[in-house]
Every structure is written in C-alpha cells, then in structure tokens.
Amino acid sequence: MGTEAKVKVFGPARSTCVARVLVCLEEVGAEYELVHVHLPAGEHKGPAHLARTLFGQVPAFQDGDLILFESRAISRYVLRKGASDLLRENSLAESATVDAWLEAESHNFDRAMSAITFQCFVVPMFMGGTTDHKIVEENMEKLKAALGVYEERLTRFKYLAGDFISLADLSHCPMAHYLLASPCASVLDAYPRVKDWVDGMMDRPSVKKVMELMDAS
Amino acid sequence: SSPVKVFGHATSTNVARVLLCLEEVGAEYELVPVDFLAGEHNTPEHVQRNPFGKIPAFQDGDLVLFESRAIARYILRKYRTPGSPDLLGENGGAEEAAMVDVWTEVEAQQYHPAISPVVFECIIFPVMRGAKTDQKVVDESLERLRLVLGTYEERLSKSRYLAGDSFSFADLNHFPFTFYFMATPYAALLDEYPRVKAWWEDLMARPSVKRVCANMPTKFCF
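Taken in sequence, the protein lines are chains A and B. Throughout, this note's numbering is defined as the position within the first sequence, counted from one, plus 66. Throughout, this note's numbering is defined as the position within the second sequence, counted from one, plus 285.
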C-alpha cells in the first residue's frame, strides 16, 4: 500500500475475526496499526466503536475515510487492494470456488468452532460460568461432519478451492489455532489430510506472526 | 451456450437467492428438483455437486458450485450485461465493492441468525416435519431481530440502500427469509421500523423479485 497512511484494525488480536484480517494484511505485506479494543470492559459497545461498526463487533477497519466491519468483507478488501492472488479474481471459475469454500468455512467450521470455543474458553474464563457440555458435544458432531467433507476434498486437491491456496483455506487459521491448543485437538487425528493441511498453513510466516499476536493479546 | 442448472426447489430460501440473481441478469436457467424425502440430497450424485448435501447446487458447463451466496456472486459477475445494474459494486471501485461485501456479511452474520429461527419455527418445521412451533425460540429471536432492525433503521436513515446510494447484492440477499417472515404472524414487526418497511416494499417491487415470488407460497396448511 505504498507511502499512504497506515490502515487501522480495531480489536484485540486474540479475536479470531480480528486475526483473520491480520493474516490477510500480513499476506499482502501491508503496514497496519492494531488499535486494541478492550472487550471485557465493554469498549466494543461504547460510542466510539459503535460509530465505526453499528453492531459493536470486532474487528473494525479504517483506510483513510473508508470504515469497514465484518472480517470476511475487510479481508476481501485488503487482499484486492494488495493485489493478492488469494481471491483468484482473474478467473470466474476459481474465484467462485474460493467464495464457495469461504462460505462453507463461515457456515459450518466457524459456526461449530465458535460455539465450542465460547463454551470451553469464554464462559469459564470471562463469564465465571460453567461449560455446557451438551452444546460442546452437539457442535463437535457438526465440526466432525465438516472435517469429513474437508478430508474427502483434500484427497483430490491440495487446498480447498483447488491446487492453489486461497482465502478459503487461510480463513480457518485463527480458529484452528485455538482448536490445536484445546483439549479437543485430537479430533483432527481421524482426518490426516486435514491435519496436514492445517499444519502446513500454521507454518506460513504470516500465520505464525498473527498467532504470536493472538497469544500475546 | 446451454442454460445453467440450479439443483433444488423454487420454494427453498437459498435456491430463491440464486434464482433472484439469475432473474436480475436475465440469464436462462433450468431448475432441476432434488427429492429430499427420497434422500436424494445424500446420494453420491448430489454430494458431488454439494459436498454438504444441501441445496442449492449449480452447474455451468464444467463448473459445479455450492453455497448460494457464492453461486449468486458468480452469476452476477459472469452474466451481467451492460444494461443490468452493477449489483456487486465491482465496477465502482474497491470501496463500493467493499461496502456491498460488508452488508452482505451483515445479512449472513446478524440478520439471518435473528430472523431465520422465526421462519423455521413458524413455517419450515411445521410444514416439513409436522413439528409444533417452539414459542421460546420465536420470542428470543424476535428480541434479537428488534435490535437488528433498529440498527438497520438507523443505517437507512443515512443511506438510501444498505451498501450506499445504489441497490445492491447486499439488499437482495435479504429477500428469501424476509419473504417467509412476512408470511408468519409477526409480519407487523416491520411496521415499527418505517424505513426498513419502505426498503422492503421497494425490494418487493422489483420485477425479478415478483417473478421469483410467483413460485413461493404465502399460505401454509399445517
């Protein structure tokens, strides 16, 4: 992004949605400023943050006068502006396939993982509550169903959208980081190609850098 | 070239999303039914098209796609004619396209989770499974929906359409579930948000929407 002013990302790096955007910024080598938003203090529902995002979610993103929210929308913008090939927008067929697997990540993998991490981390650590194991079990079944689809797909292609890595793959990394750190990590053992695919992505410099930011946040 | 194929039923919300985009760009298509009751969505043939065994699936020549929003984007990119509107905002520059993406995500991540349980409990589960409406789920969803609609009301006070001054893919994505919501006993909720109501009526007046509506029921017997 050259000599323009740095873009800003608002939110804690440990939020998987924030981390998703950071991975994209690292992939295109953009300079950015991470502005912390303190969720436990309710800063995301305060007037300054609501002015940016209307729904009080993280991340918010600012590039000059442009303010965006919703991590996958921000990610697309960052990748396009950085002339990245992670969206494959030079090909109608490839970009559509990337879109399909990005939607699949959002509605299947992320939804199940969000419920699991909420119960296993957020409820006991930030809300003083107890994990609802029924919810965890229900969502583990949904996660396994998704992993089964991925395993089949990855027997035929190197990555989800084809033999090229794309945003559809990288969008999984933040949640995968928490999965690998959790007691549920062994769920991946039954899906060897998925495990290799995850390990490969976790080895990327951009992903490593963001995982460090997540852990330090 | 032969018409594209959409696998699923015209009454399905996510199929309707795709049909709406086909109608917007005036592309020819063939609707191929998938027999859920016979388990056709779990057959190898269908799973090859939609690995999660859902509808819609889509075929254009050699390309097979799943996920209605991804299919819709592809249709709007490939089949857009000079005369049809730039619903993805991609010719307007990175910022316009980004705003369309933002509000498309908002529909998926905020609006849909609030409104869809009402549609599932009041229409889909009773019709498809003979199930009774879970009023607790409905009430909780309506509470969430009120908050979302309040935010939409604010947005539409500053912007003619969700993503900006022009009608876009973001607005269009709200059609399927809102259509069925208006067939539940809770339709009057929209009257509490006048700008949202006006935006909805504007959407319903589009020729493409009228054509898709014609194949979607508004009265249900259960």
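Where hints are given, some of them may not hold.
[To be verified] Covered stretches of chain A, going by a simulated chain B footprint (3 or more residues, C-beta under 8 angstroms): (1) 140-153; (2) 255-261.
[What the hints assert, rightly or not] Capping the alpha-carbon separation at 20 angstroms, the derived lysine to aspartate or glutamate pairs in EDC-like fashion look like this: (3) A:LYS111 to B:GLU381; (4) B:LYS339 to A:ASP265; (5) A:LYS261 to A:GLU217; (6) B:LYS339 to A:GLU207; (7) A:LYS74 to B:GLU380; (8) A:LYS208 to A:GLU218; (9) B:LYS290 to A:GLU218; (10) A:LYS111 to B:ASP371; (11) A:LYS210 to A:ASP131; (12) B:LYS363 to A:GLU160; (13) A:LYS74 to B:GLU438; (14) B:LYS363 to A:GLU155; (15) A:LYS147 to B:GLU486; (16) B:LYS482 to B:ASP419; (17) A:LYS147 to B:GLU381; (18) A:LYS74 to A:GLU160; (19) A:LYS147 to A:GLU92; (20) B:LYS443 to A:GLU160; (21) A:LYS224 to A:GLU203; (22) A:LYS72 to B:GLU439; (23) B:LYS339 to A:GLU217; (24) A:LYS111 to B:GLU380; (25) A:LYS147 to B:GLU439; (26) B:LYS339 to A:ASP255.
[Unchecked claim] Not everything, but these chain B residues come out facing chain A in the computed CB check (under 8 angstroms): (27) ARG334; (28) PRO336; (29) PHE337; (30) LEU348; (31) LEU350; (32) ARG354; (33) ARG358; (34) ARG362; (35) ALA393; (36) GLY435; (37) SER442.
Simulated from the structure, these hints should not be mistaken for laboratory data. We put the CB at the ideal spot given by N, CA and C, even for glycine.
Proposed interface contact between LEU348 of chain B and chain A, which counts if any beta carbon pair is under 8 angstroms
Cβ of LEU348 of chain B sits 5 angstroms from chain A, so the hint holds.
Would the pair LYS224 of chain A and GLU203 of chain A pass a check requiring their Cα atoms to be no farther apart than 20 angstroms?
violated (30 angstroms)
Run the distance test for LYS363 of chain B versus GLU155 of chain A: straight-line Cα separation, threshold 20 angstroms.
The given pair, whose Cα atoms are some 12 angstroms apart, holds under the 20 angstroms limit.
Would you mind confirming whether the straight-line C-alpha gap from LYS111 of chain A to GLU380 of chain B stays at or under 20 angstroms?
violated (25 angstroms)
Holds or violated: ARG358 of chain B as interface residue toward chain A, Cβ cutoff 8 angstroms?
With a closest approach of 6 angstroms, the ARG358 of chain B hint holds.
Was the hint right that ALA393 of chain B lines chain A, CB cutoff 8 angstroms?
For ALA393 of chain B, the interface hint holds, since the closest Cβ of chain A sits about 7 angstroms away, which is under 8 angstroms.
Holds or violated: is there a CB of chain A closer than 8 angstroms to the CB of ARG334 of chain B?
Since the shortest Cβ distance to chain A is 11 angstroms, the answer is violated.
Run the distance test for LYS147 of chain A versus GLU92 of chain A: straight-line Cα separation, threshold 20 angstroms.
With Cα atoms ~13 angstroms apart, LYS147 of chain A and GLU92 of chain A stay inside 20 angstroms; holds.
Please verify whether LYS111 of chain A and ASP371 of chain B have alpha carbons no more than 20 angstroms apart.
violated (34 angstroms)
Just to be careful, I want the Cα atoms of LYS339 of chain B and GLU207 of chain A compared with a cutoff of 20 angstroms; is the pair within it?
Measuring from Cα to Cα gives roughly 17 angstroms; hence the hint holds.
Against chain A, is GLY435 of chain B within 8 angstroms by beta-carbon distance?
violated (10 angstroms)
Mind checking the alpha carbons of LYS111 of chain A and GLU381 of chain B for me, to see if they're no more than 20 angstroms apart?
violated (26 angstroms)
Of the numbered hints stated above, those contradicted by the structure are hints 2, 3, 4, 9, 10, 11, 13, 15, 16, 18, 20, 21, 22, 24, 25, 26, 27, 36 and 37, listed in ascending order.
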